[in-house]
Amino acid sequence: MEKEFRFIGKETPRKDAGEIVRGKAKFIDDLKLTGMLYGKILRSPHPHALIKEIDASRAKKIDGVKAVLTYKEIPGWRAGLPSHIGVLDRKVRFVGDAVALVAAETEEIAEEALELIDVHYEPLQAVYDVEEAMKPGALQLYTQFPGNVFPLACPWMGPNSLQEVVMGDVEKGFAESDIIVEGTCTYENIPNPLPLESPGVIASWEGPEELTVWSSSQCPYLLKVTLHYAMGRINVRSIAAHCGGSFGTKVMPWHLVFYAAALAKAARKPVKLCYTKAEHFAAFTLRLGSRFSGRVGIKKDGSVMAVSGDWFINAGFCSDAAQGMVAVGCGEVQLMVRCANWNIKPKLVCTNRNASKMVRGYGGQELEAAFIPVLTMALEKAGLDPFEFFKKNYVKPGDGYYWRDGNWWVCRGINYEKVMEKGAEVFGWKDKWKGWLKPTSVSGTKRTGVGVGMHGNADVGEDVSEAYVRLDPDATAVIYSCVSEHGTGQRSSLCKMVAEVLKLPVERISMAPPDSLVNPYEFGPVGSRGTYAIGSAVIRAAEDARQKLLEKSAPLLDTRPEELDTEDGMIFIKGRNDKKIPWKAGIGFDRTCFGYGRFEPDFTVPNFMMIFVEVEVDTETGKIDLRRVVAATDVGQVIDSQSLTNQLHGCLGSAGLDSAIFEESVLDKKLGRILNPNMLDYKWRTFLELPAFDTVILETPFQTHLFKSIGVGEIVTSPAPPAVLMAVSNAIGKRLAEYPLTPDKILRALGKVKENKARSTQ
Amino acid sequence: MSPYFITLIVNNQRYVLEIGNRPGGVKPSHTLAHTLRENLGLTGTKVGCNKGECGACTVLLEGKPVLSCLVLTVECDGKSITTIEGLEDSQTGKLDPIQQSFLESGAFQCGFCTPGMIMSVKALLSSSSSPTDEEIREALSGHYCRCISHYHVLEAVTRALHKSR
Amino acid sequence: MKSFQHVNVFSVEEAVSTLKDCKGSARIIAGGTDILAVLKDQILPDYPEVLVNIKTIPGLEYIREDSSGLKIGPLVKLADLVSSPVVKENLKVLAGAAQTVGTPQIRNVGTVGGNLCQDTRCWYYRYPHSIGGRLLCLRKGSGPCLAATGDNRYHAIFGGRGCFAVCPSDIAVALLALGAEIKTTGARGSRTIPVQDFFNPLGNALEPEEMILEIQVPNPPAEAKQQFLKYTIRKPIDFAIVSVAVLVVMEGEVCSEARIALGAVAPGPLRATEAEGALKGKRLDTTTLEEAAGLAVKEAKPLSMNGYKVEIARALVARALSACL
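Residue numbers (our numbering), protein chains in the order written: chain A, 1 to 762; chain B, 1 to 165; chain C, 1 to 325.
Calculated directly from the structure, the hints in this document are not laboratory data. Hints are supplied without guarantee of correctness; some may be wrong.
Calculated from the model, a selection of chain A residues having no Cβ within reach of chain C, i.e. all distances over 10 Å [said to hold, decoys possible]:
no., residue
1, D16
2, L116
3, Q140
4, I234
5, K300
6, D301
7, S308
8, D472
9, L556
10, P601
11, L736
Simulated crosslink set (BS3-like; lysine-lysine; CA at most 25 Å straight-line) [to be verified]:
no., chain 1, residue 1, chain 2, residue 2
12, B, K64, C, K88
13, A, K745, C, K298
14, A, K670, A, K745
Just so you know, these numbers come straight off a predicted model, no measurement behind them. In this text, a Cβ means the ideal position worked out from N, Cα and C, and glycines have one as well.
Turn these sequences into a full structure, and let the hints steer you where they fit.
Below, the structure is given as structure tokens:
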């Protein structure tokens with residue numbers, strides 16, 4: 001079918017491009033309210049302690065200090081899943097936990113006041129390792145979570161949210177296996193997604209029960225809902241600024257709102273709280289720690305017969321969505337490999353470090369990064385090509401899987417084999433793959449190796465979206481959809497979709513600001529749901545508005561609505577050029593025309609991403625150079641090619657691929673402190689280390705919406721870490737099972753450095 | 001300490017600032033990034049790490065890219081500073097060719113790093129009409145972009161070079 | 001940033017007398033790229049009351065050639081060092097080292113003197129005060145070295161007496177290989193300190209009222225080949241895990257002089273004299289180079305987590321020497 005789109009798939013500058021390149025886009029720290037105060041937080045030096053005494057009287061006396069709060073004088077708001085975190089607590093649970101809050105006229109004054117708060121702590125034993133934390137005798141972080149294990153129920157995903165992968169008969173599956181392997185792999189380097197913009201909020205009380213929040217959230221409406229329940233059913237208006245990167249981390253920064261709102265309430269003035277980069281590192285969001293320990297059984301032909309094991313998930317000091325990530329991870333692992341017999345039991349554990357929360361990859365990346373290296377031990381034994389294995393085993397149309405709601409869904413998506421083949425061809429997989437633990441090439445001390453990864457996600461159709469589209473008599477249209485711009489170009493892409501439906505230039509489409517007061521319910525742009533879920537609501541709203549416009553216009557043109565079409569702000573009878581009326585006539589000069597659209601969750605169209613990587617390892621120095629990346633996926637229909645390729649390149653960022661090479665939060669387990677809370681010691685990829693990067697994108701129509709497309713942005717990071725582990729293992733001929741692959745690990749694996757041969761340091 | 005005055009020339013406009021400890025004024029400990037954003041309202045200069053590690057706050061000081069979070073305002077007396085707001089034509093609003101190229105190439109995602117990157121590219125293209133690919137990457141080597149828009153940024157710089165030829 | 005007073009000084013004498021008048025509560029600011037980060041994170045228990053800006057002193061930003069060698073003013077910016085034709089031509093290791101510092105923006109303001117005086121990057125030492133309070137340690141005059149028993153992957157594999165932090169300066173490594181001297185001036189007059197004596201286990205030899213006046217680099221032997229290599233996790237904006245500067249003079253097929261300086265492996269830059277000795281008078285074949293590289297790390301005593309640095313240092317020495325052939 002020849003596609004005839006005016007805007008969809010065409011290269012058009014993003015709607016906010018002008019603002020961004022001019023420096024006019026307003027991010028949270030660019031906003032100022034009259035009389036606004038600045039919030040600062042006193043943070044715990046101990047990983048686990050009770051506050052025995054706290055005295056803020058000296059701090060309160062400083063000129064310019066307008067509020068000082070300790071656990072003794074805070075509102076009783078509570079968040080977490082299940083609800084377990086207040087604004088402040090008498091107990092602190094990680095180094096950096098909030099101890100006291102100050103609002104002052106300037107940040108400097110607030111910082112000065114922090115120094116004058118006297119606290120006496122009773123330090124408690126701290127625990128950092130998941131299995132240690134679960135042992136009897138380990139100190140409990142919360143009395144309500146015995147064994148430091150969180151319950152796995154995730155009510156907002158439904159009453160039966162997925163809490164494990166259990167089906168079939170695992171013992172039978174192993175009995176029928178030709179090859180059984182057993183192993184453990186850890187992905188516990190807790191990398192930081194680290195958007196450039198640190199998180200920030202402004203809180204302003206308009207009345208005792210009315211709070212306005214400006215934030216850098218990517219999901220302002222979801223934040224409103226979260227706060228409503230967490231803060232005693234108050235009325236929250238949530239407005240999003242331009243979001244300077246989120247990768248999931250800024251979806252619902254309720255804790256920042258708690259602090260700012262408590263201070264604003266006490267000071268009776270708006271309070272801005274923007275984290276410093278050190279706070280962003282030490283007290284915001286890390287990726288989950290993940291450890292898989294278990295068995296995999298396969299047939300010689302690569303059929304997976306049985307998987308069983310423990311999945312230990314380290315959530316840090318609290319959980320607000322980790323249960324959701326466990327649920328989605330349990331679903332995603334089934335999308336990656338079809339298997340009739342599963343028994344994976346997750347344990348979600350709290351430990352005395354900064355929390356792991358929502359991050360791009362959302363559970364699946366964490367599980368698969370630890371699971372795939374165990375799985376591939378079996379492929380190694382069987383001598384199977386991992387590309388062929390993934391291609392054979394991923395979920396195809398007609399196959400089923402348990403998704404996050406606990407229900408069995410059958411895939412009505414598309415076949416990805418074509419794009420996988422295409423990706424392999426572009427990468428040159430068949431020439432470069434030399435077998436397990438075999439380098440692709442050797443030149444002096446340098447060895448190259450290749451790896452492949454695969455990931456799928458059925459959350460592209462998750463959750464509910466609502467939208468309005470308003471048609472104005474001047475032949476413009478306004479979209480009401482509570483989506484903030486966080487880098488994916490989503491707002492702009494929605495405008496293109498509406499432009500296409502209304503056949504109106506994109507310049508004539510605008511979007512209401514991301515403000516929960518003016519927009520209907522919107523879960524938000526997460527999990528690649530922007531294209532399908534949000535897009536569907538917006539398309540339906542546009543179609544609804546268009547229909548109403550044509551209905552109103554039909555009598556004026558002496559015909560029926562279905563005979564009419566509209567283009568460039570004119571309404572006319574299809575196929576005829578003689579009778580045309582402008583929108584103004586159809587709508588009425590003093591009226592507007594509203595359409596409404598809603599999207600209901602649909603878990604039947606998973607997307608998939610295959611990643612190929614080539615690395616070069618210097619066997620003398622342990623240095624890894626990422627040489628080449630190919631990301632292959634099928635999107636049904638490209639909406640905006642620049643946004644799409646940008647998103648795919650994103651696999652190098654947001655605690656994605658490089659969490660296998662050098663990204664890690666270094667936690668000192670004596671002190672409980674993150675030793676690298678800065679952008680020098682936390683490593684990131686620069687312009688001087690860019691690998692050759694190819695994107696392979698096919699457009700096979702999906703049964704989704706008008707444009708037959710599907711989102712893929714989120715999933716590109718997920719298949720990358722185990723692919724890198726595979727590539728490096730192949731390059732050096734040693735199997736690796738720990739991230740990240742810093743030079744010390746490489747040289748140790750090569751036998752060049754002995755384990756812990758320490759000198760005396762006295 | 002008695003207050004004194006310094007002069008900054010920002011985007012060709014003169015600002016006389018009192019240095020002292022008055023609330024809302026400019027203190028000796030204030031960085032150029034802080035002064036630009038909080039006193040002059042030029043919020044196009046973004047603060048990412050505030051410690052010289054990410055490049056977001058890059059402005060041109062006497063034509064050279066510097067990190068405005070690591071420059072004290074008091075030390076800029078009499079100096080000329082260009083920020084992202086100073087690149088477009090102040091009369092017509094026409095974008096600088098580099099801004100235009102970033103726009104056309106979609107050389108950003110969240111856009112928080114973009115102003116700083118554009119300033120570094122501006123300095124590069126002002127001093128060299130035909131930089132090599134390596135020189136372009138080197139000029140941008142201090143800029144963090146977590147969304148990974150690097151590939152589109154490199155395309156934008158190439159596009160800007162073509163425009164200037 | 002917490003408040004301080006800021007004083008512009010217009011002569012070296014005024015700088016010294018201001019430092020003296022402030023009785024230890026003043027610090028010098030040059031490029032500011034290190035000290036401002038130190039102050040922002042409040043890593044030290046003592047916060048200065050005064051910053052003495054020496055950039056307003058005229059005549060300290062020069063690169064001058066005379067018969068004995070090159071004289072470099074302390075305020076020369078790293079970017080200018082990189083682009084200086086005479087440095088590029090005669091002091092390849094110095095240009096090479098300067099090129100690897102930070103990023104273009106850092107090099108546009110960071111100075112040579114500042115690079116030599118910058119504080120260590122030990123992550124315990126640098127831990128930000130805002131996240132549960134600064135960490136005290138031996139280097140700060142209170143308590144033991146936290147790296148000794150902690151995560152010491154980036155710490156010293158040589159030397160270290162109590163404190164195992166390493167000197168982060170790349171410039172120092174190049175200057176050591178070049179046999180440079182640092183001329184200083186202070187309350188007790190001027191002195192000239194060889195680079196190897198400028199650093200001590202807990203910092204540098206400068207007294208509180210002393211500043212660098214000039215860096216004096218003797219002419220390297222004619223025909224000397226030079227190479228600087230720096231091993232980092234990423235290319236720009238990273239401090240060395242190991243760096244090495246070598247200088248090799250050949251007479252025909254035979255090495256007549258070799259200097260090897262290692263960086264980021266010890267409290268200061270370190271000459272590998274035994275390795276140098278093993279090269280002198282030899283033909284430099286692979287075996288000789290490997291042997292010298294081995295000798296360069298022979299005395300290394302790694303901590304619990306940094307044994308890999310020994311291997312990297314060995315490889316870098318061999319590669320740098322090999323690049324000089």
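Tested hints:
Against chain C, the non-interface label of D16 (chain A) holds: every CB pair exceeds 10 Å, the least being about 26 Å. Here L116 (chain A) stays apart from chain C, with its beta-carbon at least about 13 Å from theirs, past the 10 Å limit. With a closest Cβ-Cβ approach of about 22 Å to chain C, Q140 (chain A) is found to remain outside the 10 Å limit, as its non-interface label requires. Non-interface status of I234 (chain A) relative to chain C is upheld: no Cβ of that chain comes within 10 Å, the nearest being about 30 Å off.
No beta-carbon of chain C is positioned within 10 Å of the beta-carbon of K300 (chain A); the least distance is around 39 Å. At roughly 41 Å, the least C-beta separation between D301 (chain A) and chain C is larger than 10 Å, which holds for a residue marked as non-interface. Chain C leaves S308 (chain A) outside its interface by the beta-carbon criterion, the shortest separation being 35 Å against a cut-off of 10 Å. Every CB of chain C lies more than 10 Å from the CB of D472 (chain A), the least distance being 47 Å, so the non-interface label holds.
Distance to chain C confirms L556 (chain A) as a non-interface residue, since its nearest Cβ pair spans about 63 Å, more than 10 Å. Once the 10 Å rule is applied to beta carbons, P601 (chain A) is consistent with being away from chain C; the minimum gap is 40 Å. Residue placement check: L736 (chain A) keeps its beta carbon more than 10 Å from all beta carbons of chain C (closest about 15 Å). For the suggested pair K64 (chain B) and K88 (chain C), the alpha carbons sit about 21 Å apart, so the restraint of at most 25 Å is met.
Proposed proximity of K745 (chain A) and K298 (chain C) is supported: the alpha carbons are some 22 Å apart, at most 25 Å. With a CA separation close to 22 Å, the supplied pair K670 (chain A) and K745 (chain A) stays within the 25 Å bound.
In this structure, every one of the numbered hints holds.
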